[in-house]
Amino acid sequence: MKTLLVLAVSLFAIFARADEPIPRSISIKSFVYTENGNFKDQSAELCGVVTGDITAHDRVTVISDAKSDYAVPYTTLVGKDGRFCVLIRTITGRASAELWGLNTEAETKTVYVEAGKRRK
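Residues in the sequence shown are numbered consecutively from 161, following the numbering used here.
These are calculated hints, taken from the structure and not from any lab test. Be a bit skeptical, because a hint or two may be false.
Here are the in silico distance ranges between beta carbons for each label pair [as the list claims (entries may be wrong)]: (1) A216 - T252: 15 to 25 Å; (2) S228 - I182: 11 to 21 Å; (3) S185 - A216: 16 to 26 Å; (4) T235 - S185: 14 to 24 Å; (5) D241 - K200: 18 to 28 Å; (6) R249 - R219: 29 to 39 Å.
Lysine to aspartate or glutamate pairs mimicking EDC-like chemistry, simulated, CA-CA at most 20 Å apart [said to hold, decoys possible]: (7) K227 - E195; (8) K200 - D241; (9) K227 - E205.
In this text, a Cβ means the ideal position worked out from N, Cα and C, and glycines have one as well.
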């Protein structure tokens, strides 16, 4: 009887751990101006990776020129491998990225970055 009880408790512990979600996080891998020969062009590409439990409904909101009067939000989908990229227009060269999805509970992490310098 004790063996059966120990077996039941261990199986419950194994399956209980399997249901625990893996914490999600977001990181920016690159944020650079597009180089098309026009110095006045304000377009930039922001790419990053989301780690943890990823679903088909996960999205990343990128705010161009975050914390300024020119702030503009952009939304992009997260791929199955957790990667995302978005082309934005930036005046100040700053952006923030925030992870959200239909299965999250107001749990977001915002990352602020500055674009790489332009070549002259």
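Verification of the hints:
1. A216 - T252: 15 to 25 Å: violated (33 Å)
2. S228 - I182: 11 to 21 Å: Violated, at about 34 Å.
3. S185 - A216: 16 to 26 Å: Given a distance of about 19 Å, which is inside 16 to 26 Å, the answer is holds.
4. T235 - S185: 14 to 24 Å: At roughly 19 Å between Cβ atoms, S185 and T235 fall inside 14 to 24 Å, so the hint holds.
5. D241 - K200: 18 to 28 Å: This hint is violated: roughly 35 Å between Cβ atoms.
6. R249 - R219: 29 to 39 Å: violated (19 Å)
7. K227 - E195: violated (25 Å)
8. K200 - D241: violated (34 Å)
9. K227 - E205: Satisfied, since the Cα-Cα distance of roughly 19 Å is no more than 20 Å.
Hint violations for this structure: numbers 1, 2, 5, 6, 7 and 8, all remaining hints satisfied.
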